[in-house]
Structure formats: structure tokens, C-alpha cells
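Undergrad: Top to bottom, those sequences are chains A and B. Counting the first sequence from 1 gives a position; this note's numbering is that position plus 142. Counting the second sequence from 1 gives a position; this note's numbering is that position plus 731.
One or more hints might be untrue.
Pairs of lysine-lysine, DSSO-like flavour, derived with a Cα cap of 30 Å [said to hold, decoys possible]: (1) Lys225/A to Lys199/A; (2) Lys220/A to Lys199/A; (3) Lys800/B to Lys220/A; (4) Lys734/B to Lys199/A; (5) Lys184/A to Lys199/A; (6) Lys220/A to Lys184/A; (7) Lys734/B to Lys800/B; (8) Lys800/B to Lys225/A; (9) Lys184/A to Lys225/A.
Derived by calculation from the structure, the hints in this document are not laboratory data.
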Amino acid sequence: EPEVTQTPSHQVTQMGQEVILRCVPISNHLYFYWYRQILGQKVEFLVSFYNNEISEKSEIFDDQFSVERPDGSNFTLKIRSTKLEDSAMYFCASSGAPGQLTGELFFGEGSRLTVL
Amino acid sequence: DAKTTQPNSMESNEEEPVHLPCNHSTISGTDYIHWYRQLPSQGPEYVIHGLTSNVNNRMASLAIAEDRKSSTLILHRATLRDAAVYYCILRDVRRIQGAQKLVFGQGTRLTINP
Numbered sequence: 143e144p145e146v147t148q149t150p151s152h153q154v155t156q157m158g159q160e161v162i163l164r165c166v167p168i169s170n171h172l173y174f175y176w177y178r179q180i181l182g183q184k185v186e187f188l189v190s191f192y193n194n195e196i197s198e199k200s201e202i203f204d205d206q207f208s209v210e211r212p213d214g215s216n217f218t219l220k221i222r223s224t225k226l227e228d229s230a231m232y233f234c235a236s237s238g239a240p241g242q243l244t245g246e247l248f249f250g251e252g253s254r255l256t257v258l
Numbered sequence: 732d733a734k735t736t737q738p739n740s741m742e743s744n745e746e747e748p749v750h751l752p753c754n755h756s757t758i759s760g761t762d763y764i765h766w767y768r769q770l771p772s773q774g775p776e777y778v779i780h781g782l783t784s785n786v787n788n789r790m791a792s793l794a795i796a797e798d799r800k801s802s803t804l805i806l807h808r809a810t811l812r813d814a815a816v817y818y819c820i821l822r823d824v825r826r827i828q829g830a831q832k833l834v835f836g837q838g839t840r841l842t843i844n845p
């Protein structure tokens, strides 16, 4: 069964460093998303992406964040200068296969980011 | 986004049925009711969705009240693997095939006792 894959599974970084989290969405999906979940808290929407541009973003997704689909398969989330409060699990998701009527989102296993 | 209300936690025994309630009194006529769950240390996964009629799939059943102001996710025979946080989410059917985000609440943490 096709799945969303994310790398790395865990990254530890120093405050102020740049981090790139990578995702390979399901190949025939059209819509891509990033979510985050701070430990013990709810899953929060960050951004959605379609047709090579951001379609919606939350207040969390400020100028420190950016997304890119550089090569038609990978979907990346970059945090330019990490802060302690960016420590969280980051989930990538995709949806929108042609003919898919449910609008179901498929999530990856997540990338845990720890900022020291 | 229309709001849903779920109990914070529920507990059940293995091999027994589980009924997870969700209230959505402000649901609009174009809102689908979706359920996702999040197993420990994993990303959320789709469980089931419905509009008006009750729905069944291999994972669960969804019972929707006649006035659509509430719904119940039914796990017919819970296993230890069903221990997860279950989220009830409303999604506008007019945008279902677009890049429509899911808005997660706190969900119901389901514990299954062996």
C-alpha cells in the first residue's frame, strides 16, 4: 500500500540552526500538508500546498518557515532559525488522488525535532 | 470551522464493543463527519466518514443521529491495537477534493484493557 515517508525520523539541532524536514508524498497525490504536534498537545495545521504554491497557512507558519517541492517527488519544510519552541513532531500528509472522493489525508510517521 | 465536542478519555476491555461519541450541534448541511485516529508515536490515520446515513467499513461503523448534531464511532470488537486518540472532524463537502486542511481537537484517548 502506498505511504507517505518522512526523513529524518529524529533530528536534534541547536537553537538558531536551519533545519530541513523531508517528505515523499504518495506519488499521484495533488495536495500536500505539514502539521506539527508539540508533546502532549493536539495536532496543529501549519500549511497546505497545491500546484507549486501555498494554498493556506496558519498563524504558526511565520517567516521562519518555508515549504518547497523541488523535484516533483519531495516536499520539504524548512525552518530557518530554530527556536526552543519549535521542538515538536512534524507530520507530512498528502491527499487528492484523481478519483479519490473521500478527501482522505494520508499522514507520514513524523519527524521529531528537538531544539537545544 | 464547525466545532466538535468529544470526551477526553474512555476505557474499554479487549474484545468488547466501544462507542465513541461526538457532538457537533453547529454542523452545517454541507459538512461531512470524519473520524481519524492516532496510534501512539504515529501520524493520524483515516478511519471513516459519513454525511447522513450510517456507514460501515473494515475498521469501524459510524452511526449518525437523524438531526446530524451528534455521531458515534463504533468499534465492534476492540483489540489492544485500537488504543489511540480518536478525532471527530467536520469537513465541508464542497471542498472535500481540494486542499482542505483537517482541524484537530483534543480527541478522545481510548484505553483498551486486556
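Undergrad: Which of the numbered hints above does this structure break?
TA: The structure conflicts with hints 3 and 8, although it agrees with all the remaining ones.
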